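Participant: Residue numbers (the working numbering), protein chains in the order written: chain Y, 17 to 193; chain C, 17 to 193; chain F, 17 to 193; chain V, 17 to 193.
A hint or two may mislead.
In this list, chains with the same sequence are indistinguishable; a pair is considered to hold if it fits within one copy or across any two.
Stated by the list, open to error - Lysine to any residue pairs mimicking SDA-like chemistry, simulated, CA-CA at most 25 Å apart: (1) K38 to W95; (2) K141 to N55; (3) K141 to G26; (4) K38 to L78; (5) K38 to R65; (6) K38 to W72; (7) K141 to H28; (8) K38 to G76; (9) K38 to A110; (10) K141 to M35; (11) K38 to D129; (12) K38 to I125; (13) K38 to M60; (14) K38 to H57; (15) K38 to S131; (16) K38 to A127; (17) K141 to L32; (18) K38 to H58; (19) K38 to P85; (20) K141 to R124; (21) K38 to A148.
These aren't lab readings, by the way, just hints derived from the structure by calculation.
Given the structure is predicted, the values throughout are model-derived calculations rather than measurements.
Number of protein chains: 4
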Amino acid sequence: MVLDLRPPAGDHFSDLRPMVAKLLVYVLSFAMLAIYWNNHHHLMQAVERIDGRVLWANMGLLFCLSLTPVATSWLGPNWRASGPVLAYGLVLLASAIAYTILTIQLLRIHAPDSSLAVALGQDWKGRLSMVAYIVAVLAALVVPVVSIAIYVGVAVVWLVPDRRIERVTFDRSTPLD
Amino acid sequence: MVLDLRPPAGDHFSDLRPMVAKLLVYVLSFAMLAIYWNNHHHLMQAVERIDGRVLWANMGLLFCLSLTPVATSWLGPNWRASGPVLAYGLVLLASAIAYTILTIQLLRIHAPDSSLAVALGQDWKGRLSMVAYIVAVLAALVVPVVSIAIYVGVAVVWLVPDRRIERVTFDRSTPLD
Amino acid sequence: MVLDLRPPAGDHFSDLRPMVAKLLVYVLSFAMLAIYWNNHHHLMQAVERIDGRVLWANMGLLFCLSLTPVATSWLGPNWRASGPVLAYGLVLLASAIAYTILTIQLLRIHAPDSSLAVALGQDWKGRLSMVAYIVAVLAALVVPVVSIAIYVGVAVVWLVPDRRIERVTFDRSTPLD
Amino acid sequence: MVLDLRPPAGDHFSDLRPMVAKLLVYVLSFAMLAIYWNNHHHLMQAVERIDGRVLWANMGLLFCLSLTPVATSWLGPNWRASGPVLAYGLVLLASAIAYTILTIQLLRIHAPDSSLAVALGQDWKGRLSMVAYIVAVLAALVVPVVSIAIYVGVAVVWLVPDRRIERVTFDRSTPLD
């Protein structure tokens with residue numbers, strides 16, 4: 017509920033038309049934040065120890081994610097313009113890099129056979145996402161619509177549940193509230 | 017405290033008049049969110065296991081509920097217009113559907129004699145609410161006031177405590193904070 | 017951090033002058049919410065059981081307190097006008113009544129010698145506050161400044177720590193975060 | 017995510033230029049809040065008992081920190097003007113004083129050899145910060161840029177992890193969520 021959506025100015029049905037793009041961008045940002053929240057939660061479940069560097073890497077991730085609302089508000093009504101599309105991509109890229117740094121800091125103080133290291137595995141999804149975001153940021157300068165397609169594509173890749181995880185059922189400790 | 021109410025522009029008593037409708041819509045939205053919060057909390061108390069689909073169904077519910085503030089802000093000063101009344105009803109309908117999907121996903125991985133399945137029972141209230149919302153959304157196109165009466169009616173049905181539940185006293189673990 | 021304070025429009029020192037009244041009203045509201053948060057937390061520590069009516073009484077209190085931000089925003093720049101001063105007082109009065117209803121619902125299902133009943137005692141502070149708020153709401157129609165003095169007075173009475181409680185030290189379980 | 021950043025008005029790259037200063041001030045405020053959050057969390061880990069005065073000292077700290085968003089919003093677009101720079105410094109100074117008062121109240125009810133007293137030690141960083149803030153507030157009247165350099169400098173001193181703490185690894189109980 018961190019994302020902020022403003023109501024239309026008038027009270028007509030036609031006032032809803034500019035809301036469509038805003039709502040779709042809102043959906044995209046909500047999905048991205050939900051994915052991070054989910055992954056971060058599962059990551060933390062497997063963590064055995066932390067240190068100062070992990071704490072600051074975590075703060076760095078929080079910082080990048082905290083820029084999502086402003087990037088969303090700017091992109092919503094301006095999704096055809098290079099500037100907002102590029103800015104949105106930079107926030108996504110920064111968040112992906114911050115998450116990777118957090119995992120690197122965690123792997124540094126965990127054994128290679130720890131459940132954390134096993135769970136993270138090769139993390140090809142994470143690496144691929146960063147490459148996709150770099151491409152999207154560059155594409156924003158020329159064809160912003162392609163960038164948005166890439167953002168949506170990456171979100172879909174993360175949203176489609178892993179077949180492995182799908183089969184697993186967790187106990188109640190995972191908070192849903 | 018997610019809902020956002022703006023103060024009047026002037027400092028006169030008469031500036032409070034347009035606030036009355038806003039405040040009433042605010043009360044309605046607050047009640048709806050409180051009902052979901054309560055029901056969701058009780059639902060989660062009975063959950064024995066979750067999986068990936070449950071997690072995403074839960075995110076879907078959170079997404080729908082997160083649209084309540086913007087629908088509330090739009091309806092507040094425009095409660096006589098079709099557009100805002102219809103939009104508000106769509107958010108209520110989407111939330112009800114999302115909640116039903118969440119219960120279906122939970123029932124899929126719980127035994128028919130689990131406390132969760134027993135607690136959910138036939139859920140005629142939930143089904144009736146969805147039918148009422150569909151009627152209200154259609155009515156909004158013709159007589160928006162009727163739609164609002166339906167929204168209020170459904171909220172009242174949920175607010176009036178079940179006589180069965182009323183008699184039960186819970187232990188302290190239920191958070192009130 | 018629920019309360020919302022807007023920065024001045026300009027960048028001059030003189031732009032801070034209208035902020036003084038806003039900041040003082042902000043302090044008052046912050047103190048009132050802190051007092052409720054504290055008292056509510058201590059109340060819940062002593063609770064042994066709850067039921068449906070307690071849950072809804074609690075929601076009623078949350079609802080009244082959730083109106084504090086809008087009442088604060090309205091009063092801030094208009095603290096000399098009857099309307100905002102009266103509206104602010106009504107929110108304070110409603111919150112005090114809601115808190116009393118919550119305690120009544122809790123006492124209904126707790127033994128007279130329970131630690132909850134003992135802790136609540138005669139609650140003369142709560143009764144006196146309600147009387148003071150009624151006087152203040154009426155005074156707002158004639159001399160709003162007197163009402164504000166009453167609001168501040170009640171807050172001070174609650175802020176000055178009870179000599180009895182002052183001597184008690186709690187264990188770490190009380191959350192400070 | 018308490019800090020609030022508004023998107024640019026237009027959709028051009030050039031609209032990002034005024035955002036640079038806003039973003040840098042946002043980074044500074046985020047870092048300050050993160051430092052307090054971290055330190056407060058570690059402080060509370062070592063607390064063995066609290067009393068009424070500690071509770072109110074804690075509320076005082078929360079109050080000062082709650083003024084960070086408004087000070088940030090004002091400073092962002094006006095970082096060259098004396099008023100906003102001075103106001104920002106007053107919030108930093110007030111927060112530092114409130115934190116010191118909290119530690120004094122805690123030390124009053126803890127033994128000199130308690131882990132809390134040992135962890136706090138001489139707290140030269142805290143004292144130095146307050147002196148730096150007083151200098152910065154005075155400097156804001158003449159050369160606001162120097163004040164901002166001091167704010168950044170103090171933040172860097174706190175951000176650079178203590179070599180001692182860096183080596184320590186904590187167990188999972190420290191919340192990262």
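Participant: Output the indices of the hints that this structure fails to meet, ascending.
Facilitator: 3, 5, 7, 10, 11, 12, 13, 14, 15, 16, 17, 18
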